[in-house]
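Participant: Residue strings, one per chain:
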Amino acid sequence: MVELKKLEVCKQVPFPPKSTAGLNLIYNNNKVPMPSNKSHCIARCFKITQKENLQREKMGETVGKLIGLNDEVIHPAATLAMEAHNSPSKPFLVKKIKIRHDHSSVVVLAFSGSMLPDDWFGQPPFGKTKIDTGKFPSLTSLNDGGDAVVNGSFLRRFNDVLDKLSHAKELKEATEKKRQVVFAGYSSGGPIAILATLYFLEKQTLSPRCLTFGSPLVGDRIFGHALRREGWSDYFTHFVMKYDIIPRIMLSPSSTEHEQILNYFKSKFDRKNINPAPPSGFYLTVMGNASSVASYEACHLMGCRNPSLDIIKSFIELSPYRPSGTYVFCTGNGNLVVVKNPNAVLQILIHCAELGESDAAEVEKRSLDEHSAYPSELKESLEMQAVVSLDGGPATATLNDLGLSPQAMLCLQAAEEFENRRSRNLEKIRKYMQKIEVELEKLRKYKENAQISRLGYYDSFKLQKVDDDFNANVSRLELAEIWDEIKEMLKEFELPDDFEKNPEFIELGKIYRRLVEPLDIANFYRHSKDKETGAYVIGGGPRPKRYRFIQRWLEHHEKKPFGSRSESLFWADVEQLGIDIKKKGYLQEIKDRIHQLERNLIAWIVDRSLDDDVLLEHSTFVQWWTDLPLECKSESDPIKNLIRGKADTFIAKE
Amino acid sequence: MERRMNQVPLFSSAGELANMVITSNLIDVALAKIFELQRGQAALPCSVQPMVYDPTPNEPNRTIVVFAPSPDSTQYPLPQGGDLVPYPDFDFLCTKECPSVSINGAALELFESLKNHLSVLKTELIARDGQLIITGHSLGGSVASLFTLYLLDSMNKKSKCRPICITFGSPLIGDFGLQHSQWNSFFLHVVSNKDPVPGLFLTSSHSQTTAYKPFGTYLLCSELGCACYDDSDLILKLLTVISSEVAGGLLQVVDYGEILRNLKKRAICKGRWLAVERFADPFSAGIVMELETIGIDWTKHNIDIRRMEAEARSLAMKTKAFDAKKLNDIKKYMALLEWYKKRSKDAGKGYYDCFKNGEFKRDIRIGEFMGHLNAYWEDMVAQAERKPQKEGASFRTSWLFAGTTYRRMVEPLDIAVFYKDGKRDYIKKARSQHYKLLEQWYEEAAKPTTREELDSKKQKVSVLLTEDSCFWAHLEEAILSCKSLTNANSTPELRESSGNDLVKFGEYVMEQIENYAVSPEIFLKDSSFMKWWGEYKAYITSPSNPCSSRFIEFIDFMKTGRYGVYGRSEVAA
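Protein chains in written order, with this note's numbering: chain L, 264 to 917; chain D, 150 to 722.
A hint or two may mislead.
[As the list claims (entries may be wrong)] For lysine to aspartate or glutamate, the following EDC-like pairs were computed, each having C-alpha atoms within a straight-line distance of at most 16 angstroms:
no. : chain 1 : residue 1 : chain 2 : residue 2
1   : D       : Lys414    : L       : Asp622
2   : D       : Lys491    : L       : Asp731
3   : L       : Lys728    : D       : Asp472
4   : D       : Lys414    : L       : Asp407
5   : D       : Lys419    : L       : Asp573
6   : D       : Lys490    : L       : Asp730
7   : D       : Lys413    : L       : Glu617
8   : L       : Lys909    : L       : Asp876
9   : D       : Lys474    : L       : Glu757
10  : L       : Lys728    : D       : Glu487
11  : D       : Lys490    : L       : Asp732
12  : D       : Lys469    : L       : Asp407
13  : D       : Lys474    : L       : Asp747
14  : L       : Lys708    : L       : Asp732
15  : D       : Lys414    : L       : Glu620
16  : D       : Lys481    : L       : Asp732
17  : L       : Lys754    : D       : Asp472
18  : D       : Lys480    : L       : Glu741
19  : D       : Lys491    : L       : Glu757
20  : D       : Lys474    : L       : Glu755
21  : D       : Lys469    : L       : Asp747
22  : D       : Lys475    : L       : Asp747
23  : D       : Lys475    : L       : Asp730
24  : D       : Lys419    : L       : Asp622
25  : D       : Lys474    : L       : Glu741
26  : D       : Lys419    : L       : Glu617
27  : D       : Lys474    : L       : Glu744
28  : D       : Lys467    : L       : Glu755
29  : D       : Lys467    : L       : Glu757
30  : D       : Lys481    : L       : Asp622
31  : D       : Lys491    : L       : Asp732
32  : D       : Lys469    : L       : Glu755
[Said to hold, decoys possible] These stretches of chain L come out as covered by chain D in the derived footprint (C-beta under 8 angstroms, 3 or more residues):
no. : stretch
33  : 571-581
34  : 585-598
No lab work stands behind these hints, which were simulated from the structure alone. Even for Gly, the Cβ is constructed at its ideal location relative to N, Cα and C.
Work out the full structure: start from the sequences and follow the hints.
Facilitator: Following this line, the structure appears as structure tokens:
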């Protein structure tokens with residue numbers, strides 16, 4: 264079995280120098296599989312992989328390269344952010360930074376902060392609120408997860424500066440001169456910078472970057488998921504000192520301890536009192552609550568199957584906030600650790616600030632002092648450039664600087680494994696694609712053949728008379744199996760965050776939905792299931808969720824309102840109208856629905872999102888529509904023409 | 150070893166779960182109320198009744214019920230108090246593995262003495278909305294557990310109260326396991342490795358002690374930390390180890406308040422690098438660290454980590470995505486069988502006979518589908534059986550309809566296989582237990598057919614499945630009886646008994662027809678049933694024995710060819 268090199272390292276044995284040959288030997292002898300995915304945190308504490316060797320050789324990388332921003336911007340941004348934070352009279356400060364080697368300019372805009380408790384926590388315990396999807400349309404789940412949740416006080420403060428920000432001449436100038444814009448924020452200025460960056464990413468008028476220093480957390484899991492889905496996560500970089508209490512504070516519910524901490528910083532920053540007495544006793548409360556969140560997430564990462572987990576969770580209220588974006592941990596001795604995996608970030612946030620051998624009171628004091636140490640710490644670190652990225656290889660020595668316990672190492676390994684699992688699931692789905700194509704092709708043929716009877720495949724399927732109909736039903740079930748599996752994986756976050764943005768899957772989903780949902784509708788009304796469950800489409804009704812989700816992917820992709828792409832529901836509308844007319848007669852409400860259906864039909868036929876086989880002369884739709892009283896039709900002539908047109912092409916073909 | 154390395158790594162989350170519990174305020178709340186009650190009870194020495202703490206403005210959705218018996222000798226159970234007493238009132242906990250329920254005598258005595266009061270309290274609490282924490286220390290915790298079970302049995306889907314039972318240092322209460330039940334997730338037992346009480350009945354020399362079984366989640370803790378387990382066998386083992394290692398016995402009072410304060414501090418301290426052996430996989434490393442944290446030397450006590458890993462691996466398979474896939478698979482196999490049935494009907498034979506004769510190429514695949522369906526439903530039935538009665542019943546009703554359709558569709562095929570091999574007496578000798586249970590549960594749930602339902606069945610009978618899934622077994626026996634009857638070599642006794650059996654069969658078929666319970670497919674030209682009739686009609690024993698009117702009706706139904714219109718909607722008109 265593998266010698267546990269890592270274990271020794273963590274017992275304060277220095278990592279052996281770059282003798283890669285020896286490590287390679289271990290690698291070869293033990294056939295450790297190479298991780299296939301490159302962009303995930305690896306903190307493999309019980310194995311040594313070849314990647315580590317590569318990583319050690321790559322140590323020459325700078326923070327700037329890892330986060331995609333020039334190194335020269337970082338320190339001035341930190342200084343400006345601190346200055347802005349302590350200038351409450353101005354909502355933000357702006358500075359242009361010249362980059363030496365290419366003479367370009369970067370415009371840094373740093374936001375002011377506030378240490379008033381009300382500006383941190385609104386409604387206890389967590390002051391959370393749903394994000395305004397008018398301003399931030401992407402910050403939502405495309406399946407059942409709902410809209411992102413953010414800290415209401417931070418959102419309010421962002422809204423307060425938005426007007427001034429939108430009219431800032433510096434931004435206009437930067438846009439015109441195509442300069443890189445960086446939104447920066449220190450402490451409570453951080454959340455404003457994050458929301459401002461997102462706001463412009465949504466508007467697409469700018470492509471800003473975001474740098475924060477000792478910022479508290481802003482959004483929940485959906486917030487981070489949406490950022491990663493949209494591919495924006497890399498634009499956000501958060502610098503965090505090893506013990507700084509502020510980046511952890513939102514993981515704990517609002518309490519008197521919070522007020523003590525904020526009051527301390529307030530008097531410190533106000534300079535009314537140069538050396539205010541630091542509060543004490545808060546560390547156990549804040550970190551204890553934060554630890555509860557980290558343990559809860561670790562249970563999920565580790566695949567906890569104890570059913571009590573959910574019951575216990577329902578009795579305690581954990582903070583909804585989670586880290587997102589890239590984190591750079593300053594270890595305190597000049598080293599920097601760059602982490603992108605959000606689950607790993609959360610675990611490091613809690614575990615690296617755990618109490619060790621040293622006195623608890625000392626750590627508590629450090630957790631306050633370090634919050635104001637960013638500019639000096641970064642100056643030193645950026646000169647040293649002793650940077651290690653956790654994403655792509657384990658970085659044992661630097662992790663050791665973070666002082667992680669063995670349990671923490673297991674958590675990091677679980678966070679890495681979670682990403683690996685998501686990649687494996689994606690591979691699995693990719694393998695399914697071929698099968699999806701095969702089944703779709705069968706159904707396309709089925710649809711084509713069904714035209715010959717001038718009935719259309721919807722009606723043939725509903726009748727279920729011949730072998731072909733049955734085979735189509737099997738194809739329908741085969742496809743449902745695959746898409747339901749995808750749906751469940753997405754609900755459990757078991758697929759990469761950007762899955763729902765993948766054009767390949769959106770397109771395949773669109774084809775699938777248009778071709779197969781009519782068969783599900785046919786099956787539904789064939790068995791008169793509406794009598795048991797109500798109409799096919801009602802709110803969270805019997806319509807299979809797989810279709811609802813796939814439709815949202817497309818609508819989101821095309822930036823269209825939800826529900827606007829419901830062409831695959833055409834038959835459900837027809838069936839339900841038929842049933843409701845029998846029940847209620849031609850009420851005004853029914854007439855309105857008929858008119859809507861007619862208008863939709865024409866629009867969908869024109870943009871080809873609905874196949875014109877619905878116009879076949881024996882189809883349920885044509886027969887039903889033809890029999891409608893004339894006064895109920897609003898688009899009689901255009902539709903008549905469409906039907907005639909379809910019949911003509913048919914004759915022409917024959 | 151090589152093979153294991155290629156597997157997906159697993160993790161043990163026992164430590165993280167415990168850490169989450171400790172750092173939240175859930176058990177603080179319960180423990181604080183226990184202490185509050187114990188302090189107050191010094192003034193009221195005779196009260197053993199539970200104390201109900203109603204919701205407060207700070208905690209508007211939380212009710213806490215504390216069982217803290219008065220601080221005299223009843224608070225701590227005696228080692229010789231380990232008698233298990235059968236208690237039929239708790240028979241709702243019975244499962245297949247545990248057909249009767251026995252409960253610790255001391256706990257039961259307390260519970261019984263409070264029963265009148267508790268039954269009122271139960272009704273009142275179930276009507277509440279929100280969190281309900283039921284808690285107690287030592288023997289008080291045992292009564293809290295019993296009360297929670299009593300409460301859970303009365304809850305239904307409409308109940309809005311969400312209970313959790315938290316005990317501190319309570320002894321085991323009974324011989325029922327509940328490991329596979331959803332109810333076990335409502336129990337959290339906090340046990341210190343210094344507390345002799347929880348394992349009390351496991352080490353005394355009492356003959357009944359081996360019967361005790363833990364259920365629910367155990368949060369085991371030492372000065373170093375804590376871990377949560379829900380594996381009943383492991384918990385039993387750990388409790389035994391703890392109680393064997395606690396010196397001093399009963400006199401030592403464990404202060405859970407102090408333990409909790411220490412653990413909360415521990416939770417934000419870096420764990421030590423314990424003397425971890427060189428483990429290649431995170432699962433073993435995690436388990437060993439957790440065991441060492443709670444003060445258990447795993448090498449000394451022969452704890453099987455591989456077995457734990459195998460179990461974790463099989464559990465890890467059962468994701469929601471996996472379930473969704475499986476359910477769709479089952480739907481697909483049923484659709485395939487339905488189509489097979491339709492095709493067979495078109496061929497004029499019925500799917501039973503088509504399959505039995507194996508005429509089509511596709512018949513071979515049908516066997517494969519059957520295999521999948523049988524495996525799925527055998528598993529579902531086994532799962533339902535492992536749950537306590539009430540919970541099992543609600544689990545069953547959610548799929549009993551689908552299970553019944555499956556039974557009616559697939560069991561005839563199993564019967565076909567059986568008789569094709571020339572065997573006799575399927576129902577007595579070969580019928581699978583899961584079919585029997587599916588039928589039994591259906592009958593228990595079924596309501597008597599109303600007039601309107603019979604009419605609607607009459608309309609639809611041609612598309613329905615034959616209700617009695619053993620119909621074809623009865624028929625096969627009838628065919629064999631018919632052979633005995635017509636065989637010249639048969640003894641007169643055999644002939645007579647065969648004749649009687651055939652009369653019974655005729656009556657049975659007529660009853661099915663009258664109830665529209667049999668598919669008209671049996672009357673298809675080439676079906677076994679019609680072949681049987683063809684042979685039998687020449688030998689119908691003349692009414693030497695007095696014949697029932699139903700049998701006469703049957704003969705008439707068949708002879709006049711009325712079966713030809715059975716199942717056609719015109720007949721109803």
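Participant: Now, for every hint given, state plainly whether the structure supports it.
Facilitator: Quick rundown of the hints versus the structure:
1. D:Lys414 x L:Asp622: Judged against 16 angstroms, a Cα distance of about 13 angstroms means the pair holds.
2. D:Lys491 x L:Asp731: 13 angstroms, holds
3. L:Lys728 x D:Asp472: At roughly 31 angstroms apart (the allowed maximum being 16 angstroms), Asp472 (chain D) and Lys728 (chain L) break the hint.
4. D:Lys414 x L:Asp407: With a Cα-Cα distance of about 38 angstroms, the restraint between Lys414 (chain D) and Asp407 (chain L) is violated, given a limit of 16 angstroms.
5. D:Lys419 x L:Asp573: 27 angstroms, violated
6. D:Lys490 x L:Asp730: 12 angstroms, holds
7. D:Lys413 x L:Glu617: 12 angstroms, holds
8. L:Lys909 x L:Asp876: Holds. Lys909 (chain L) to Asp876 (chain L) sits at ~8 angstroms (cutoff 16 angstroms).
9. D:Lys474 x L:Glu757: It holds: about 15 angstroms lies between the C-alpha atoms, which stays within 16 angstroms.
10. L:Lys728 x D:Glu487: 13 angstroms, holds
11. D:Lys490 x L:Asp732: Roughly 15 angstroms between the alpha carbons, so the hint for Lys490 (chain D) and Asp732 (chain L) holds.
12. D:Lys469 x L:Asp407: 15 angstroms, holds
13. D:Lys474 x L:Asp747: 7 angstroms, holds
14. L:Lys708 x L:Asp732: 12 angstroms, holds
15. D:Lys414 x L:Glu620: 13 angstroms, holds
16. D:Lys481 x L:Asp732: 14 angstroms, holds
17. L:Lys754 x D:Asp472: Between Lys754 (chain L) and Asp472 (chain D) the Cα gap is close to 14 angstroms, so the pair holds against 16 angstroms.
18. D:Lys480 x L:Glu741: With Cα atoms ~10 angstroms apart, Lys480 (chain D) and Glu741 (chain L) stay inside 16 angstroms; holds.
19. D:Lys491 x L:Glu757: This hinted pair is violated, its Cα atoms lying about 40 angstroms apart.
20. D:Lys474 x L:Glu755: Judged against 16 angstroms, a Cα distance of about 15 angstroms means the pair holds.
21. D:Lys469 x L:Asp747: Holds, at about 10 angstroms.
22. D:Lys475 x L:Asp747: At roughly 10 angstroms apart (the allowed maximum being 16 angstroms), Asp747 (chain L) and Lys475 (chain D) satisfy the hint.
23. D:Lys475 x L:Asp730: Between Lys475 (chain D) and Asp730 (chain L) the Cα gap is close to 25 angstroms, so the pair fails against 16 angstroms, i.e. violated.
24. D:Lys419 x L:Asp622: Given that 16 angstroms is the threshold and the Cα spacing comes to 13 angstroms, the pair holds.
25. D:Lys474 x L:Glu741: 10 angstroms, holds
26. D:Lys419 x L:Glu617: Holds, at about 6 angstroms.
27. D:Lys474 x L:Glu744: Distance ~5 angstroms between Lys474 (chain D) and Glu744 (chain L) Cα, so the pair holds.
28. D:Lys467 x L:Glu755: OK: Lys467 (chain D) and Glu755 (chain L) at ~13 angstroms, within 16 angstroms.
29. D:Lys467 x L:Glu757: 14 angstroms, holds
30. D:Lys481 x L:Asp622: Violated. Lys481 (chain D) to Asp622 (chain L) sits at ~64 angstroms, over the 16 angstroms cutoff.
31. D:Lys491 x L:Asp732: Status holds; Cα separation ~12 angstroms.
32. D:Lys469 x L:Glu755: Measuring from Cα to Cα gives roughly 8 angstroms; hence the hint holds.
33. 571-581: holds (count 9)
34. 585-598: Since 0 is below three, the answer is violated.
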